[in-house]
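There are 4 protein chains.
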Amino acid sequence: MSRPVQIAVIGAAEGEPGALADAEEVGRRLAEAGAVVICGGRGGVMEAASKGAKAAGGIAIGVLPGSDPDEANEHVAYVVATGVGQARNLAVVGSGQAVIAIDGHWGTLSEIAFARKLGKPVFALRSWELQHRTERELGIAEAETPAEAVEAALAAVGS
Amino acid sequence: MSRPVQIAVIGAAEGEPGALADAEEVGRRLAEAGAVVICGGRGGVMEAASKGAKAAGGIAIGVLPGSDPDEANEHVAYVVATGVGQARNLAVVGSGQAVIAIDGHWGTLSEIAFARKLGKPVFALRSWELQHRTERELGIAEAETPAEAVEAALAAVGS
Amino acid sequence: MSRPVQIAVIGAAEGEPGALADAEEVGRRLAEAGAVVICGGRGGVMEAASKGAKAAGGIAIGVLPGSDPDEANEHVAYVVATGVGQARNLAVVGSGQAVIAIDGHWGTLSEIAFARKLGKPVFALRSWELQHRTERELGIAEAETPAEAVEAALAAVGS
Amino acid sequence: MSRPVQIAVIGAAEGEPGALADAEEVGRRLAEAGAVVICGGRGGVMEAASKGAKAAGGIAIGVLPGSDPDEANEHVAYVVATGVGQARNLAVVGSGQAVIAIDGHWGTLSEIAFARKLGKPVFALRSWELQHRTERELGIAEAETPAEAVEAALAAVGS
Chain V
0 MSRPVQIAVI
10 GAAEGEPGAL
20 ADAEEVGRRL
30 AEAGAVVICG
40 GRGGVMEAAS
50 KGAKAAGGIA
60 IGVLPGSDPD
70 EANEHVAYVV
80 ATGVGQARNL
90 AVVGSGQAVI
100 AIDGHWGTLS
110 EIAFARKLGK
120 PVFALRSWEL
130 QHRTERELGI
140 AEAETPAEAV
150 EAALAAVGS
Chain C
0 MSRPVQIAVI
10 GAAEGEPGAL
20 ADAEEVGRRL
30 AEAGAVVICG
40 GRGGVMEAAS
50 KGAKAAGGIA
60 IGVLPGSDPD
70 EANEHVAYVV
80 ATGVGQARNL
90 AVVGSGQAVI
100 AIDGHWGTLS
110 EIAFARKLGK
120 PVFALRSWEL
130 QHRTERELGI
140 AEAETPAEAV
150 EAALAAVGS
Chain Z
0 MSRPVQIAVI
10 GAAEGEPGAL
20 ADAEEVGRRL
30 AEAGAVVICG
40 GRGGVMEAAS
50 KGAKAAGGIA
60 IGVLPGSDPD
70 EANEHVAYVV
80 ATGVGQARNL
90 AVVGSGQAVI
100 AIDGHWGTLS
110 EIAFARKLGK
120 PVFALRSWEL
130 QHRTERELGI
140 AEAETPAEAV
150 EAALAAVGS
Chain S
0 MSRPVQIAVI
10 GAAEGEPGAL
20 ADAEEVGRRL
30 AEAGAVVICG
40 GRGGVMEAAS
50 KGAKAAGGIA
60 IGVLPGSDPD
70 EANEHVAYVV
80 ATGVGQARNL
90 AVVGSGQAVI
100 AIDGHWGTLS
110 EIAFARKLGK
120 PVFALRSWEL
130 QHRTERELGI
140 AEAETPAEAV
150 EAALAAVGS
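Protein chains in written order, with numbering that gives the first Met the number 0: chain V, 0 to 158; chain C, 0 to 158; chain Z, 0 to 158; chain S, 0 to 158.
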C-alpha cells in the first residue's frame, strides 16, 4: 500500500494563541514529513493545523460534525461531512494512525479516550492530565514541543 | 411532562467485583427513587446497574453499540440497538439528565467527556481523575458511596 | 428472556391526517398486543404512534436525532437522545424486531433501507414503492389497514 | 475557496461486472474533470470508482464503516475510518456536492435517501426505481451512460 501516513491532530475550536501556534507548527511538520493531517475541520486548533499543513504543501482532511462541507475551514484540502454530530470525534481519531492532542477541552478528551480505546498512541502537548485508578501506563506520551510531538508520532507509526 | 427522571450509569464491561456491587446498588437506589437507568446495555457495570434496577421493580434501558437487540444483558427492560459502534457512548450520556460513572476505562472516559460537553452533571464513584490545565471546576463530583452518588445525581436534576 | 416485543413505527414528521390516524391506530394496536413502540420521538407519525401506544396503556420509546431529551413528543415514555443526527434512523429500525412504515418521505426511505439491510421485515402502509432492477422479492409487505400491518408484523416476529 | 468539487459515488460492495465497469469509468471521468471521488472505501463499486479515479491521476477518499483504515481498498488515496457502522452512509453522501448511484442494493438505497434528505442531486445509473405516493419530482435523474452521469453531476454543482 502506498498511502501516506495519516496523523490526527486534535484540540479545541477556541484554542488559545499558544495552542494555535503549536498546532500550526505540528501541521507544518507533519506535512513536511509527508504525512496527512486529519482534523475536525473547524476553527481553532483544527484550523491552525490545517493551515500549517497547507502552507507546507501538504494535505489536511477535515472531518466535520455536520452535513455541510462549507463549514470546513479554508485550509482543509478535502472535507468529510459526517452528519453524526459529536460522534465524528470517533471518526477523527479512527482515521489517524497516531493522535497528537494540543490543549483542548471536553471534545478533545472524548477523542483521547476513543483513540486509546482503539489502541492508537496519543502524544499530548499541554493537554489533559489523566489518572486511572489502577492502570499506570495509559499510552499517552507528553511532548514538550511541536517538533517532539511530531517526531514521536511519526516514530510510533514507523514513519 | 410526566416522564420519569432518566439517569445514565456508565462503567466498564469488565468491572471488578467492587464496581459491580456498587453499580447494582446504584441501579437499585435509582429505581427505588423512581428514576430510569440508562446504560450501555452490555455486561459488567452496565449489567449490574440493570440488575439492580430490575430487582427493585424499576426500568433499565440498554443502548447498544451494535444492531442486534439480543446483545443486551438480560436485566435490561428495553433495548435501543444503535448500530453506530462506540458512538453510542454519546447516546448513553445524552439520554441521562445526569450521569453516574463507576470505575471504568477508556469507553467510560469518552462518556464522561461527552456528558460534560453536553453540560450534564457527572458523579464519579472511584472513576477517572482528571485535571485540566487551566480550568479548576470540571463539573465532576466525586462520591464515596452508591447512596451518595444517587442522592447527589437526583438532587442535581431536581428530583 | 422476558422482554416484550419491540416494533419500530416510522413515518414523516409532517404526516398528513390520514397517516396520523393510521399511526395512532398502529400504536394503539401494538400496545394492546403488549408490544413496545420504537419511534423517532418527534412529531407527525412518530407522535401519533406514541400517542396511540400511551392511550392504550403501552410504552413508546423515542429515539431522537439530537442530544436534548426535551425534544421528544409528550407521549413518549422513555427517551434516547442519540446526538448522531439522521444516523439515528439506523438506531430506530435496529431496535425493532419488525418495522411498520406509514407514508413518509426521505427519512422514512432511509429507515426502510436500513431495516432491510439488517434483515428486518418491513410492513408498509401507503409508503414508498420500490423496484430493484434484478431482485423481485424485497421483503416489504404492503398492508391495507393499520390492523393488517400490526397483525402481520407481530406474526413475523412470532408474537 | 479553492477546494475541488467532491462527488459521491455509491453502489454495492458486490457489484456485477457491468456496474464495476461503469463505476471505474465514472471515477476516471470525475478525476479527469478535477473532481474528487468520495466513496464508501470498500470493494465492488466503491473500489472500481476509486481505481478509475486513481488511474486518471485523481483522488478517491474512502469513508469506511469501521475504525480500521486498513479495510480500505488499495486505490483509495485517503481514508476516513468513521467507526459508526452503516451510519457512515450519511457521511458519504454528506461529503459529496452531488451523488452518482450505480446499481446497488439496500445500503445504496439508504444513501440515495440521505442524499435527497440533504437536498443533494442524485444521478442514477441503473439503480433503484422509486415512486413516492404523492410527489412526482424526486430529484433523481436517470443517466444512460457513465459519461452522461458525470456530465450531469458536474453541471449540477456548477463545475
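No lab work stands behind these hints, which were simulated from the structure alone. Keep in mind that the hints are not guaranteed to be accurate.
Identical chains blur together in the list; that is why a pair holds if it fits in one copy or across any two.
When the alpha-carbon atoms are kept at most 25 Å apart in a straight line, the in silico SDA-like pairs for lysine to any residue are as follows [said to hold, decoys possible]: (1) K53 with I139; (2) K53 with P3; (3) K50 with G17; (4) K53 with R135; (5) K53 with A146; (6) K53 with G118; (7) K50 with E136; (8) K50 with E31; (9) K53 with E134.
Against the structure, the hints come out as follows:
In this homomeric assembly, K53 and I139 never come within 25 Å of each other (Cα to Cα): the closest approach is 27 Å inside a single copy and 36 Å across copies. For a Cα distance limit of 25 Å, the shortest separation of K53 from P3 qualifies both inside one copy, at 15 Å, and across copies, at 14 Å. Taking CA atoms no more than 25 Å apart as the test, K50 paired with G17 passes inside one copy only; the shortest distance there is 15 Å, against 42 Å between copies. Within a single copy, K53 and R135 get their C-alpha atoms no closer than 38 Å, and across copies no closer than 36 Å, so neither meets the 25 Å cut-off.
In this homomeric assembly, K53 and A146 come within 25 Å of each other (Cα to Cα) only inside a single copy, at 17 Å, whereas the closest approach across copies is 33 Å. Taking the shortest Cα distances, K53 and G118 never come within 25 Å of each other, neither inside one copy (28 Å) nor across copies (30 Å). Taking the shortest Cα distances, K50 and E136 never come within 25 Å of each other, neither inside one copy (33 Å) nor across copies (32 Å). Taking the shortest Cα distances, K50 and E31 sit within 25 Å of each other inside one copy (13 Å), while across copies they are farther apart (27 Å).
Neither within a single protomer nor between protomers do K53 and E134 lie at most 25 Å apart by alpha-carbon distance, with minima of 39 Å and 32 Å respectively.
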